[in-house]
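UniProt numbering numbers the first residue of the sequence shown as 1 and each following residue consecutively.
If you are wondering where the hints come from, they were derived from the structure by calculation, not from laboratory data.
The structure displayed is predicted, hence computed values, not measured ones.
There may be inaccurate statements among the hints.
Lysine-lysine pairs mimicking DSSO-like chemistry, simulated, CA-CA at most 27 angstroms apart [what the hints assert, rightly or not]:
#: 1; residue 1: Lys396; residue 2: Lys248
#: 2; residue 1: Lys409; residue 2: Lys67
#: 3; residue 1: Lys406; residue 2: Lys143
#: 4; residue 1: Lys409; residue 2: Lys396
#: 5; residue 1: Lys371; residue 2: Lys385
#: 6; residue 1: Lys219; residue 2: Lys406
#: 7; residue 1: Lys333; residue 2: Lys371
#: 8; residue 1: Lys248; residue 2: Lys444
So the derived label-pair ranges between C-beta atoms look like this [said to hold, decoys possible]:
#: 9; residue 1: Glu379; residue 2: Leu94; range: 45 to 55 angstroms
#: 10; residue 1: Glu76; residue 2: Trp435; range: 39 to 49 angstroms
#: 11; residue 1: Lys209; residue 2: Ala368; range: 26 to 36 angstroms
#: 12; residue 1: Lys406; residue 2: Ala368; range: 15 to 25 angstroms
#: 13; residue 1: Asn210; residue 2: Leu232; range: 34 to 44 angstroms
#: 14; residue 1: Leu94; residue 2: Asp241; range: 26 to 36 angstroms
#: 15; residue 1: Lys209; residue 2: Glu386; range: 11 to 21 angstroms
#: 16; residue 1: Glu407; residue 2: Pro99; range: 50 to 60 angstroms
#: 17; residue 1: Asp241; residue 2: Glu76; range: 53 to 63 angstroms
#: 18; residue 1: Glu76; residue 2: Glu379; range: 48 to 58 angstroms
#: 19; residue 1: Glu74; residue 2: Gly268; range: 26 to 36 angstroms
#: 20; residue 1: Glu407; residue 2: Glu379; range: 39 to 49 angstroms
#: 21; residue 1: Glu76; residue 2: Asn210; range: 43 to 53 angstroms
#: 22; residue 1: Asp223; residue 2: Lys143; range: 46 to 56 angstroms
A virtual CB, placed ideally from N, CA and C, is assigned to each residue, including glycine.
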Amino acid sequence: MYCLKTQITKECSKSSQNGPMMKRIAMQSYKNESCNDSCNQDGIKEQIFELRDPSGMVEKGTSLLKKMEISVAEAEKRTGKNAVNMQETYTVYLIETRPVDAASEGTNPVLDSLWKRYSEFELLRNYLLVTYPFAVVPPLPEKRAEFVWHKLSADNMDPDFVERRRVGLENFLLRVASHPVLSSDKIFYLFLTEADSRLKALNATFRVKNPDKRFAEMKHYGDELQSVISQLLRVRARAADRLYGVYKVHGNYGRVFSEWSAIEKEMGDGLQSAGHHMDAYAASVDDILEEEEHYADQLKEYLFYADALRTVCRKHELTQYELEMAVQDLTSKKQQREELATGTIRTFSLKGMTSKLFGQETPEQREAKLKMLETQIEEGEEQVKERNAECDEFVKSAWVDIERFKEQKDHDLRESLISYAIMQISMCKKGIQVWNNAKECFNKM
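Required output: the full structure, derived from the provided sequences and hints.
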């Protein structure tokens, strides 16, 4: 098993030169690690999904959410040893699933449940990014607390933060399960139903000479969207901090009015009532900011969606890069064939230098090289056709999913901002009501 993992790691390191291998490496990584060492590797491809998906839940083109109820029910803190045998504390999340058909028939099937760490969700998302480079993969909630006003804890083990992350992880699973393409992935289904699922992250670095203008603009839009939402979250955190101070100052009003009422006979009742209203107003800030945090989490989701959008654009650059490399290699081979056929030798080329050092090639050697180049050119032309087809298919699929994402984004952000505005209006009305009540108390003195 160790040798197998080492081989996978080596293959992953080559992914920057061999983009089409990325999906096969990720799939093979999962299969090899999930099966017993004695499994026949040749038989895995035919048997693994038949053995593990007997229910037929996964069907291409069908949203998994229509067939299965999915929830992240709870979080639990655990302690164990990590890879270097050191003690660590971490959080695991309980994923519960249940067939929709059984619930609709009135039966009460036993829930399938399993525990997953946040890092396993990251591996799943990385797998989806590699396997579906054209898709705008839903983001995960933040791993560490960001954009929080200072009264909230930034500790990853803080119960409130863990609860927000639990909700975010459930939202991630629901969005993937409702995606028209991602929901049909069998590895995703195994993630929901198998306790031991291992996936590998792959990356590639490249430089494209002729980038697609549409994807370049979309990548720039992703950068701008992330920047704008980041600024908005920072402003909200500062505003929340100031709002907290304003509300708590009203607690001082309440204390002063209550103390004042103790030394007054005729005005005492009115002052004490006004003080109670101020105390209640000051205490209400905690619920208000908790509700605000809910809307902030919705914005954070699209902060990470912006990164997913940029990832799709980078995947397109990788596809374009592979096409350009194939064309460049084909052009080089044709140039070599032309030089051999005409006998032209460039003085400052490698061939020119070797000719000067070792003499001219014999006709037999030249003929053998020509035949080899002809074969390589035929293979190169076929490879260019394949790369062109892959690039066209990627552009088509990616643009469909980007348009779907844009509609979803517009709808979700519109709803979030409207709800946030309604909450602010309600908050201001409550403030007006408190001061109207205080005014009535003062009038009765």
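Problem - 27 angstroms limit on alpha-carbon distance, applied to hinted pair lysine 409 and lysine 396 - result: 20 angstroms, holds
Exercise for the section: Can you let me know if the beta-carbon spacing of lysine 406 and alanine 368 is within 15 to 25 angstroms? Expected result: 56 angstroms, violated
Practice task
State, for the Cβ atoms of glutamate 76 and glutamate 379, whether the hinted interval 48 to 58 angstroms holds or is violated.
Solution key: 55 angstroms, holds
Handout entry: Cβ separation of leucine 94 and aspartate 241, checked against the hinted range 26 to 36 angstroms
Key = 34 angstroms, holds
Practice task
Given the hint that lysine 409 pairs with lysine 67, test it: the Cα-Cα distance must not exceed 27 angstroms.
Solution key: Status holds; Cα separation ~25 angstroms.
Handout entry: Given pair status - lysine 371, lysine 333, alpha carbons within 27 angstroms
Key = With Cα atoms ~12 angstroms apart, lysine 333 and lysine 371 stay inside 27 angstroms; holds.
Practice task
Using the Cβ atoms, figure out if glutamate 379 sits within 45 to 55 angstroms of leucine 94.
Solution key: At 52 angstroms between Cβs, range holds.
Handout entry: Range agreement (Cβ of alanine 368 with Cβ of lysine 209, hint 26 to 36 angstroms)
Key = 34 angstroms, holds
Problem - Cβ distance range 43 to 53 angstroms for glutamate 76 and asparagine 210, holds or violated - result: 51 angstroms, holds
Exercise for the section: Assess, step by step, whether the Cα of lysine 219 is no farther than 27 angstroms from the Cα of lysine 406, and give holds or violated. Expected result: Judged against 27 angstroms, a Cα distance of about 13 angstroms means the pair holds.
Problem - 27 angstroms Cα cutoff - pair lysine 396, lysine 248 - result: 55 angstroms, violated
Problem - C-beta pair aspartate 223, lysine 143: status relative to the range 46 to 56 angstroms that was hinted - result: The hinted range 46 to 56 angstroms is violated for aspartate 223 and lysine 143, with Cβ atoms some 21 angstroms apart.
The structure fails hints 1, 12, 16, 17, 19 and 22 (numbered hints given earlier, in ascending order).
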